[in-house]
Every structure is written in structure tokens, then in C-alpha cells.
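Novice: These protein sequence lines map, in sequence, to chains A and B. Those letters in the first sequence? Residues -4 to 292, by our numbering. Those letters in the second sequence? Residues -4 to 292, by our numbering.
If you are wondering where the hints come from, they were derived from the structure by calculation, not from laboratory data.
Quick list of simulated restraints, FRET-style, between CB atoms:
| hint | chain 1 | residue 1 | chain 2 | residue 2 | range |
| --- | --- | --- | --- | --- | --- |
| 1 | A | V56 | B | G96 | 23 to 33 Å |
| 2 | B | P192 | A | K236 | 35 to 45 Å |
| 3 | A | V56 | B | K10 | 56 to 66 Å |
| 4 | A | D186 | B | S100 | 27 to 37 Å |
| 5 | B | K10 | A | E55 | 55 to 65 Å |
We put the CB at the ideal spot given by N, CA and C, even for glycine.
2 protein chains.
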Amino acid sequence: MVIENFESQKDKVSKWFLELRNSIVASFEKLEDIQNTGLRSEIPAGRFVVSKTKRNSELEVDSGGGLMSIMRDGRVFEKVGVNISTVYGPLEERTKKVMQGRKNSPKIGQPTEFWASGISVVAHMQNPHCPAVHMNTRMFWTPNSWWFGGGADLNPCIENSEDTSFFHAEMKKCCDRNDLEYYPKFKKWADDYFYIPHRKCSRGVGGIFYDDLNTDWEKDFAFTADVGSTFLPTFLDITEKRRQLKWTESQKNTQLLHRGLYTEYNLVYDRGTKFGLESGHDANAVLMSLPPVAKWY
Amino acid sequence: MVIENFESQKDKVSKWFLELRNSIVASFEKLEDIQNTGLRSEIPAGRFVVSKTKRNSELEVDSGGGLMSIMRDGRVFEKVGVNISTVYGPLEERTKKVMQGRKNSPKIGQPTEFWASGISVVAHMQNPHCPAVHMNTRMFWTPNSWWFGGGADLNPCIENSEDTSFFHAEMKKCCDRNDLEYYPKFKKWADDYFYIPHRKCSRGVGGIFYDDLNTDWEKDFAFTADVGSTFLPTFLDITEKRRQLKWTESQKNTQLLHRGLYTEYNLVYDRGTKFGLESGHDANAVLMSLPPVAKWY
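Start from the sequences and build out the full structure, keeping to the hints where you can.
Specialist: Right under this line is the structure:
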């Protein structure tokens, strides 16, 4: 199958990721502003530092890039990254290898162009009562296919069943209003995907995960946009409930150990990380998901 | 080629690793004892916590195990692990996949027994003036081959050319007294092996690395033993020179960021880590190399 010119779809997708990025960045800075009493309110409200990223920055040819926004040492956020990127060019053989075994995966040894656009959010919180969170959605295009993928998952270090249930319920509502078959499938996919075999445990309490989504472009884009639109208020609600709870040093320590687990997951198993490192994207942008501080026992 | 019964060689190798482990553990505890004035001398001297590890601990069948010794929060060592293990059984298909492309690598889809014994030492130091260090040697056996592999590398966060030169010189002497061809080859191998492509830098200042060493068993074992015997006094000498130097908070921060790099290397590229996690060895033992605390900017 050869796909028609996809320029208008690509344009819509990357514009949406930019809009979503702008809402997230604005909401997160607002959250820093409203923490103006209580815990850590004596320090200045955190602000994002924004920088442009380039893929294969050592090459002359334009192969795309993105916008990396990182806020560090805030009142509420210890480190949060919001990245968007739109990258393109010839698909490298080493990248194709990573993609083998997937639906419509590009053929080894046969030159293929690709285009990919996505957003990635990872928040590591000051307060161990506030779960860390991850959301990432993307569209991938090659001349003979396109697909959407992504997901969102909650990573509490002190699990609170109220937050967990709320997060899952919101993700279910989001899936259900797009397709009733999605939630059971994408919830299970997250459970499988975010499992750490060597530790025999999951990195968090899961959420949803999907990939290779290629049914009807408008429908798949609408769902992907909905995942982003659902993620933001859900995460803000949970954070709002927990951000002023006092924590102990032992709880902070639990959080740092939990981040060690998160780091192991990201560096050993995460598809997005593997793809990013393999495809020569700015390592600081790919690895902005890594925690500010982590511990291993 | 089918190899004769290798029991006596296996026995010699695993006994040597135990002896070496005992010397290292004793020397490291002694180093804690002699830091009885100056920096951190007000806290108790660090001591190793020793535990047995089992491979595939959920299975009924004995597939080997080891001895994990970890010292934490000492006067000199922030976290140091000394592991030995002797593991055996049928080689799993997923493990064979990791080993493909190497000399005499076992065939996919064809049952193969294996036996492997090794020692691994990783020291993360309290004082950022003291380089972190790694040493690991091992013998691997399958019914149609055996080989030795290993290496040692220095990981300073504040590089000191005197320490770097001394470390390389001692490794060179060790290689040269075994085979004049080794040093140039194994030094370069370490430079290549400990390089982090996505960061475009090395994790430390290198040392030596070798694998698939299969010339004459007595000769290869003697060299492997010599690497261990050389590592210990070399590391102790460097530590002795640096352990009482005062450090600043900014230097400690540099150390924690450097450990982030070390973590990335170990989880993304390290062969031993991949083999350990793939072959179902105790994850705490495989990952004892991870730092007690690491930071990412």
C-alpha cells in the first residue's frame, strides 16, 4: 500500500502536539504559582527552561527536532519534562532493527523515509505523596504505513487506592468514548508493557498503552488527542489532592528508591527511549524522563 | 570440537574467584578501619553484608548461584559490591540470542548446557576525589567451547592525570607479563566498550577489556587471575592517595551526575548486565553495580 500525500495530516498532528504542550506547560507553571502557602512555598515558583533540540545535530541535513521544556527544583515539581518533536529523514538500518516484528515494520536493507511527531511528559514530584506520571503519544509515518501510539501511566511510590482508581477510571472513560474495545486491550497492554521482568514487578500502577494503531486516520488521531486531553486534568486533580500533605524523610527515601526502578525500566525496556537513542535524537531530550535523583539499595 | 571433562578447570577457576573475593573483601574492610581519623571517621567503619544468591530461584532445579557482598554508607565506600557466582544449566534461547555474533556462540534452537563462573567488583566512593572502579572477570564454558573475559576500568568524576596514568601503567604491566600483544588490543577494546554512543563520551577513563579469550587454558586462566591480582593493589594505592582530600558540595554533585552516566552505561550497554538479567540471575546481584545515589540534570 502506498499512502497519498500525508502533509495535511502531519501538519494537524504536529500542531496538536504543540497546542497540548502549551496547555501542559501553562498548567504546570500555574500549579507552581498556587503553591504559595505551605510546603516549599518559601522558594520561587518553578519555571520551565525551554530549548530547541535537533536530531543528528552533527549532520548538515535537516532531520527535524523539537522543543524541550524542563522545570527543575520547583515547589511542586522536582523535575518535569515536556518534549515535543517532529523528526524525519531516511530510516536508519539500526532503527529498523529495533522496529522489527511490528505491523508494517520497514524492511531491512530497503531505503525508507519516515516522519514521526510526538509529545512526551514525565513528571517527578517533590512530594512523595504525589505520584510521578508519564504520558506520551506519537504518530509515525512511512511511505507504506502510518500509525499512532502512546499511553499514560501513574507511578506512585506510596500507593493510594483512591488515586489509582481515579486514574484508571478517567482512562477508561477516555477509551470508551472513542471505542469500547480499547480500554480492556490498552489497559492490559500497559500492564504488560510497564512490567519489569528482572524485578518481577511493575514500574507503577499502569494506565493505558497502545501502539501500531491504524484503523481510520481521523478516528485514531481523535483518540490520541483525547488521551492527551484526559491526561492533563486527571493528573492535576490527583496532584491537587496530595501536594500539601506533609512527608517524612523515610517516605522521601521510598520515593528515591522507586525512581531507581523507574530508571531501570526506562533504560532497559522503554521503546521510546530505545528509538530515540538509536535514531540519534538529542540524548538530553530522550533522557529527560530520568529522575533528578534516584537511589538503589 | 567437543571438550574433555572440564571439572578440574572449573573447580580451579571458581576457587580462585572465591579467594580473590576474600582478599578484596578483607582489604576493603581494612580500608574502612584505617580511616579512623579525618573525613567521616566519626561514623562506624563500614562492613560487608553477605548473602547467598540463587539463579532462577523460582525453579526447583539447581542452576547455581553465588555470594553477594555489599558494603553501604562506610567511611570510604559509599556503596561497594563484590559478587561471585557460578551458574549452570541449559542455556536459554533468549540468552543465546544475546550471545549471537560472538566466536563459538551457541546455536539457536539446539539445546546447550553452559557453565559460567565469575567475579564482579564495583566501588562507588564517598569522596569524589576517589575514582569509582569496576573489575569483572569470568570463565564461560559450553560443551564445544570455553573462554575467559573481563576487564577493569577507572571511573573518576574529577579526573586526575596521575591516577589515570598509574592505572593504565599497572594494567599494561599486567598484560605485558602475560602476552605483549594484549595491552594495545585490550586497552583499545576498553576504549570502545566503555563508550556511550548516545552521550558521545566514555563512562570513565578506561582500562582493559577482553572477551572470547581462548588460546591455551592455563595461559588464559593465569592472565585472568593476574587481572584480579593487579586490580586490587592498584585501586588501593589510588584510594590511599585521595581518601583524606576535602571535597566541596559542588564536587559531590559532579560525582552524582557522573554516576548518572555510569547508570546509563550499565543499563543500556553492559554485556554482563544484559546476560545477568536475561539469564534470570538475582536482579539485586546483577544490579549491585548501580550507584547508591545518582543524579540527572
